[in-house]
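Build the full structure now, drawing on both the sequences and the hints.
Number of protein chains: 2
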Amino acid sequence: MPRRQVPLQASTADLIERIALFFETEGFSRIGGRIFGRLLLADAPMSLDRLATDVSASKASISTETRSLERRGLLERIGKPGDRRVYYQLAAELPMPTMALRLDRWRRFSRLLEEAPADVARHSPLVRRRLDDTLAAHRFLLAEFGDALERWRRRNETPTPAPRS
Amino acid sequence: MPRRQVPLQASTADLIERIALFFETEGFSRIGGRIFGRLLLADAPMSLDRLATDVSASKASISTETRSLERRGLLERIGKPGDRRVYYQLAAELPMPTMALRLDRWRRFSRLLEEAPADVARHSPLVRRRLDDTLAAHRFLLAEFGDALERWRRRNETPTPAPRS
DNA sequence: AATAAGATTCAGTATTGCCTGAACATACTG
DNA sequence: CAGTATGTTCAGGCAATACTGAATCTTATT
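Protein chains in written order, with our numbering: chain A, 1 to 165; chain B, 1 to 165.
If you're looking for bench data, these hints aren't it; they were derived computationally from the structure. Some hints could be false.
Stated by the list, open to error - If you want the footprint, here are the derived chain A segments under chain B, 3+ residues with CB under 8 Å:
{"#": "1", "region": "17-24"}
{"#": "2", "region": "67-79"}
{"#": "3", "region": "88-96"}
{"#": "4", "region": "99-112"}
{"#": "5", "region": "127-136"}
{"#": "6", "region": "145-154"}
Quick reminder that beta carbons are idealized off the backbone N, C-alpha and C, glycines included.
Have a look at this one:
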């Protein structure tokens, strides 16, 4: 018999809720954010059912939202031998996919700007200059940020190998 | 008599629309995005009425949305002597506020994580480690990005004025 | 002062997208 | 194979938000 589920600590639930709210402003659904928050504070992978009760959402929502989080690289599903259920946990190297997501969105805007010139060739020099500047800034920062990300990855990959996982 | 307003070039309107759609995914309203897009391709500041017709939205929407864009630092309002109307244009150094916005959002998440430890002190070491790592990554990247932004600002400020600030 | 132009606020409508229960699919167990 | 556990998909209800027309406010012009 599984032991009665202890409801989450009030302060924990609160933190999760704020994370969820934040995620909502970032284009996720509230429940998606709750799942992320819950898993961020989980010390073991969690099953769908468990997530559903913890986050008090329907299994349907958990199913769709976990898939969405997985598609974006924030979440991984794992199996346990001798257990039919699927378990969910946050991506191993969490910061990377998080940042990759941001990079993507922002690359999308760059691409939009890149498409412009062809259309806009006959616009005033002023406009052309504005577009060029904006695009240049984006490219510069995108590159710099990509580098920083790479540096972080390196830095964190070196210290680990000494002791084994 | 003001000369008949030429409707926007189809390709231009199209680009604006894609920009608007993008802005929508970034937490702005569609009309906010349209205004931004229109101004990005404008070779002169535009009045509220003009924006309303160009973007085919009510003056009410233009009013609220320009305010919102202004509050976020993306848009400036200017006056012309001998003209009662207010004119709108994109921020002079556009990339900076754009990026500042992104930075903000992401700082907000860092702050969320910083609040966690107090609550979560009794969580498993694994959780604590995950939180610490994530926070460290955020701090690192936040700092790096801030630096990059500063570098860009410097680089673009030097060419313009010959001597120092 | 009266009028009018310009801009903002507000209340109501319409649209969007989230979330859920229930039906459905799949695969394990005895 | 029957029965059951697990997960997914779907249609509909509901809440949140954007957008608008109309009313209101502010300030220049006569």
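- Query: Do at least three Cβ atoms from the region 99-112 of chain A come closer than 8 Å to Cβ atoms of chain B?
  - Reply: This one holds; 7 residues, not fewer than the three required, reach chain B with a Cβ under 8 Å.
- Count residues of the region 88-96 of chain A with a Cβ under 8 Å from any Cβ of chain B, then say if the count reaches three. holds (count 3)
- Task: Closer than 8 Å, Cβ to Cβ, for at least three residues: run that test on the region 145-154 of chain A against chain B and report holds or violated.
- Result: holds (count 5)
- Message: Can you confirm whether chain B covers the region 67-79 of chain A, using C-beta to C-beta distances below 8 Å and requiring at least three such residues?
- Response: violated (count 0)
- Query: Count the residues of the region 127-136 of chain A with a beta-carbon closer than 8 Å to any beta-carbon of chain B: does the count reach three?
  - Reply: With 5 residues closer than 8 Å to chain B, the region 127-136 of chain A meets the three-residue bar; holds.
- Okay, the region 17-24 of chain A and chain B, do three or more residues pass the C-beta test at under 8 Å? holds (count 3)
The structure shown violates just one earlier hint, number 2.
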